[in-house]
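**Q** So the chains spell out like this:
Number of protein chains: 2
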Amino acid sequence: MDIAALLTSAGINIAVCVVLFSFYSVLRKQPSNVNVYFGRRLASQHSRRIDLCLERFVPSPSWILKAWETSEDEILAIGGLDAVVFVRILVFSIRVFSIAAVICTILVLPVNYHGMDRMYKNIPLESLEVFTIENVKEGSKWLWAHCLALYIITLSACALLYFEYKSITNLRLLHIIGSPPNPSHFTILVRSIPWSSEESYCETVKKFFSYYHASTYLSHQMVYKSGKVQKLKDDAEHMCKVIRDASMERTCKPSFMQCCCSGAPTISFKKISTEMGSTHGRTCNTDLHLDTGKKECSSAFVFFKSRYAALTAAQVLQTSNPMLWVTDVAPEPHDVYWSNICIPYRQLWIRRIATLAASVAFMLVFLIPVTFVQGLTQLEKLQKMFPFLTGILKEKFVNQVVTGYLPSVILVLFLCAVPPVMILFSAVEGSISRSARKKSACFKVLYFTIWNVFFVNVFTGSVISQLSVFSSVTDLPAQLAKAVPAQATFFTTYILSSGWASLAVEVMQIFPLLRNLFQRFILRLKEDALDGSLSFPYHTEVPRILLFGFLGFTCAILAPLMLPFLLVYFFIAYLVYRNQIINVYITKYDSGGQFWPIVHNTTVFSLLFSQLIALGVFGLKRSSVASGFTIPLLIGTLLFHQYCRQRFLPVFRSNSAQILIDLDRRDGHSGRMEEIYEHLRSAYNQSSLMPHTTSQPECVSLHEDKDSGPSSSEDMETGNENEISQKDRPRPIQRTLSMSSDKSVLGVKQ
Amino acid sequence: MDIAALLTSAGINIAVCVVLFSFYSVLRKQPSNVNVYFGRRLASQHSRRIDLCLERFVPSPSWILKAWETSEDEILAIGGLDAVVFVRILVFSIRVFSIAAVICTILVLPVNYHGMDRMYKNIPLESLEVFTIENVKEGSKWLWAHCLALYIITLSACALLYFEYKSITNLRLLHIIGSPPNPSHFTILVRSIPWSSEESYCETVKKFFSYYHASTYLSHQMVYKSGKVQKLKDDAEHMCKVIRDASMERTCKPSFMQCCCSGAPTISFKKISTEMGSTHGRTCNTDLHLDTGKKECSSAFVFFKSRYAALTAAQVLQTSNPMLWVTDVAPEPHDVYWSNICIPYRQLWIRRIATLAASVAFMLVFLIPVTFVQGLTQLEKLQKMFPFLTGILKEKFVNQVVTGYLPSVILVLFLCAVPPVMILFSAVEGSISRSARKKSACFKVLYFTIWNVFFVNVFTGSVISQLSVFSSVTDLPAQLAKAVPAQATFFTTYILSSGWASLAVEVMQIFPLLRNLFQRFILRLKEDALDGSLSFPYHTEVPRILLFGFLGFTCAILAPLMLPFLLVYFFIAYLVYRNQIINVYITKYDSGGQFWPIVHNTTVFSLLFSQLIALGVFGLKRSSVASGFTIPLLIGTLLFHQYCRQRFLPVFRSNSAQILIDLDRRDGHSGRMEEIYEHLRSAYNQSSLMPHTTSQPECVSLHEDKDSGPSSSEDMETGNENEISQKDRPRPIQRTLSMSSDKSVLGVKQ
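Protein chains in written order, with numbering that gives the first Met the number 0: chain A, 0 to 749; chain S, 0 to 749.
Read the hints as simulated data drawn from the structure, not as lab findings.
Certain hints may be false.
Chain copies aren't distinguished; within one or between two, either way the pair holds.
[To be verified] Under the rule of at most 20 Å between Cα atoms (straight-line distance), these lysine to any residue pairs were calculated in the SDA-like manner:
no.: 1; residue 1: K304; residue 2: V57
no.: 2; residue 1: K120; residue 2: C146
no.: 3; residue 1: K304; residue 2: I660
no.: 4; residue 1: K65; residue 2: C16
no.: 5; residue 1: K206; residue 2: Q657
no.: 6; residue 1: K165; residue 2: M322
no.: 7; residue 1: K206; residue 2: I660
no.: 8; residue 1: K206; residue 2: D661
no.: 9; residue 1: K165; residue 2: T318
no.: 10; residue 1: K120; residue 2: E163
I would like the entire structure built from these sequences, with the hints used as guidance.
**A** What follows is the structure in structure tokens.
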């Protein structure tokens, strides 16, 4: 592939991007697409009227300006800490690759280009290999330039990483301190409650915690098997009106310490509907249904009187059998993944192992399309397979498209299937919260993409493809050193096609757009029924950004020609994702910056890996000085990683006692504790938080007094999950305080 | 090597063992050796008169009977839980290898012997290879016998492991519940206290804990830099008499919540001697020395009012900077490794990494003697190196000795140097307790021995020695399958020489015996000055037992002739170690069975490894059925391991809330809490617990009212460490309650 082919590829991509971006700037102004492109604003403003300018059919760059101008505080207010962390990843990438691009263009590129005595052609006709380190002759004295560049890139990356980690840690702490009282801080999730034939789970929980945590235990709430709840709820809906008319629930005061477990049998639906649906008067009913125990899971949310007590109870081993009374810090109410909470704890370890095995199997099966894609970059193979194509493939333009563009497109299409599969695996794995599921899926997608895009491409598509993969461990650096520069061209086109085009697709929101058109013009649904609520797909976007960072670091000194394209990618990504955060995605739950450790670790891994490859290359080029200088860099990077693990990671794993105690004091002094306790009762209301696929608006509105409208929602985020409805989610201003419907409880200004 | 050579080797070893054991049974009856062979009894009975029979010079097997008859409860009372766990390792090994020996003798051995059509010689002249799996021809239908044996061994090992883990977990829980109040349960160790120029560490600690843990904080005790303490103590000793005469300390009542940090300057030694040395009246002094802060470390023991509070405070992240206020569960008073507590916390991670690097380097440097040893087993090499030896080496007996015995002896001698080096590494690493240091050294020695004895021997001494070691990962099982059976002979002789002989050396206590003779007859020290206090060297003995287990599992179906020798080894070890626990070693501190998880993990690793080798062997022998059946066994073993990790390991990592709260309640109801608080004050008395290399008896006796005598002790355990003196250690009956000198505090019957 020569420069011309690369430029062809770049040209196609730029054209596609410009067309799509223009198209987007028109489409977003169409009122019918408001719920596709302004889902978040729609949700927060409760109005379908967005100020649209009159020039509806003229492309305009106004969205770019808006995305550029929005400050980080606004992003924090709109998208939560996770969104800020995501933007920070992009900022970090832009910074570090700017430095890398400057250094490599000044230092490395000339050395590579003039590395060998040969006939110089016109630049456009030069093969791309001429610009890689392959062009430097063995024993060259100029390899110190590469080594120096590696040093500068590593040191600047480490410095930037350190300051980012520090500032994100601070943001996380501020987020915990600054946000309104969070029910999850007072709550622990208890699983694997021991079964006894004499008493229900509910009684067991009450007995255990009021004995062992007498001074701090407040109350608890059982988790019910979701299928049953749904069925009972449906039953209950028949009686909704009766209950509302009687309105007997409002008259009696709730006694909070009481548990919902008495004896006398009564009519099933009455009990269940009052207990689950209404926020008031639940514990007033003394006539309860006998077989409540049957519907209970062996899991419960237990509420404590202070944050510190909840934290300690969550972290301590409760009994001498670690498989019973398993406690965890509870997720935020809207973050709870209800269907997984009922999974028996004993199954979890098997599920985890099974998921791991399935993920590995999936990664290996995926080799088939990747191998096919690699075949395309080597046209001779393709011509052998399909002899009738020989004529077409000899055309220069077709040749350039097929080698420069098609392989990446095919790969990208196949990769589209990965995130839904991985999030399915993470759900099966048994994550108790949606954010944990996304984080786990993020890991899986990350390993998957780095393995399948990088390693498999490197090892199947390179000179050593005839040798057995990974046959030897000790000369892995040397093998990589041979293979990676040879594949640099492919990675450059991959950035062009997968990177740039994926941003255009992201901003266009093609699938929601098509769904919207389908619903609006074929199903002819009403405005209200159209739901654009999507939460940010961190599990697909974070790995993608990290993959490009990985490619950037590994190829920086080997094939510096890639860096400008990468930098453009990150810059567009910065604008596009900010736009999406501001306009499209709604924040249903916040993991509190839990993605940053993943980013940090992956970046350090990328750095180490690039150093390892550089070591191999320097070895191949017989430059012992450069190899010698790379080794201390490797050790230094490892030490840096270890230091950061020590210094910052624990803050992301658990809240600190100091902060929680300070918060407890503050609330205690201001006398808000009672309000918070009151609010806790309704915070983890399973029936209002769970997705109702068959919900009926009349009854839901009974239970949720303030926010009218149906709570049914179809979450398109992953294609197979049901997320909580937009109506239930907290207002952006009070991101962390996941209030259900009781606005008055904590007296927070809206 | 043939059967005759093996029997020669066995004969030499049996002779050596019989001689040494007889010699031992005589030596132990000599009054002059009492402190070598009855160190523990001497320490517990406080009398040098052991009942000795008259036949002082006649060998007798009475010690064997005594060792055999002692029950587990007695072992528990004498040696603590760690000793019981150690005996259990032996019992487990005897059980599992009895099963293996029976199965392999019945099933595997005949199959191996008749595996190939060939000339049968007389059994004594048969090469040992005839009894290994190498003798089974390719594609043999009899390999199912090996596969079945592997199944039986694995299943019985897993079942036994499970029940052992369960019973040791129960023992550990009983140990915690049943033992008298343990000061370490109420105490946490705080390190990395932030430095402030305005106040001393002591004030900072007081401020922090009385603010954030107001309801549970009891008091604290700073740790002082040991060098300085010593110096100040020496100063203070001049004033001892003055203080005693004035006896003003006794008159004022201690106010416990007060901290030892006021302002007005006074005479240095007075303050320090009263504060550190005496158990009473420490906080009465209001006139304190200004520069106390200079001698303080940034570490302190903080006492809490309940066990649960201490546990939670130890486990929770204290502040948002994880490098400050680092809390850990405090070790038992006698388990504290004082000199490491003062290490700045920021250094620890670097120390850990440096130690790891040093250990790995040590392992690699050790290849040199191992390679030399392997040269000896192949006589041709030796004859090439030393041509003048050719004549001697052709003698049959010399040949047998050199190939069968000498290599192991050399290896054993080199291995003697390993434990002291590893315990030095573990000390440098920064363990805060002696038991943690021993556990860490145990890991290191274990990795070291398995690597150096097994892998290096296998890979340097076998057919594939010409190939590069570990050149290929994927055919590792096949390589092992080739190499391990070939080395089985060496391992058999290794068991004979290293195993059997090491037991004889162990029972003889050669080094302490020589030291005793030296001190008694050359230095002419008095009876009282001779100190036989040794604590059990778990870090050398546990890895040794585990190594033999590892060899047993890996070679069981490959070379079943090894098993009888191994079984004899375990049986003698059972008797010898019980004898040593009963008579020789004193229990200074107890890790509460922390060694069992190491044993469990190593055994599972051995099982997996043996399955992997079997897989390779079955592959080489082209028995697809046997290979196919081995894979589910491998997966099953992994699942078993994961289950045990889930089920039992957390109990060894941390105490459970339930137990601690129950204990708190019990003590609260019985009104013993005040006594316990009183006792806590003196429990972590640095000056009385630390080894005083230059201590002066007069002053020590002032501070330690009851137990007279000097507290200087020289610990020979590792050659370079100073352990606490026998006088300070708790009585065996109240193993866990590490009382310092105040016997009356908890009213425990002695």
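**Q** At most 20 Å between C-alpha atoms: does K206 with D661 qualify within a copy, between copies, both, or neither?
**A** Answer is between: at 14 Å across copies they meet the 20 Å cutoff, but 30 Å inside does not.
**Q** Quick one: K165 to M322, C-alpha cut-off 20 Å, is that within a copy, between copies, both, or neither?
**A** Only across copies: K165 and M322 sit 13 Å apart there, 37 Å inside one copy, limit 20 Å.
**Q** When no copy is named, should K120 and E163 be tagged within, between, both, or neither for a Cα gap of at most 20 Å?
**A** neither (44 Å within a copy, 76 Å between copies)
**Q** With 20 Å as the alpha-carbon cut-off, assign the pair K304 and V57 to within, between, both or neither.
**A** neither (58 Å within a copy, 74 Å between copies)
**Q** Can you give me the call for K65 and C16, within, between, both or neither, at a CA distance of at most 20 Å?
**A** Within one copy only: 19 Å inside a chain, 88 Å across chains, cut-off 20 Å.
**Q** First find the shortest C-alpha distance between K304 and I660 inside one copy, then the shortest across copies, and answer within, between, both or neither for a cut-off of 20 Å.
**A** both (12 Å within a copy, 18 Å between copies)
**Q** My question is about K120 and C146: at a cut-off of 20 Å on alpha-carbon distance, are they close within one copy, between copies, both, or neither?
**A** neither (28 Å within a copy, 67 Å between copies)
**Q** Regarding K206 and I660, is the shortest C-alpha distance of 20 Å or less found within a copy, between copies, in both, or in neither?
**A** Only across copies: K206 and I660 sit 15 Å apart there, 26 Å inside one copy, limit 20 Å.
**Q** As a check of your reading, is K165 near T318 (CA-CA no more than 20 Å) within one copy, between copies, both or neither?
**A** Close across copies (15 Å), not inside one copy (37 Å); limit 20 Å.
**Q** Within a copy, between copies, both or neither: which one fits K206 and Q657 at a CA-CA cutoff of 20 Å?
**A** between (30 Å within a copy, 13 Å between copies)
Hints 1, 2 and 10, counting from the list given before, are not met by this structure.
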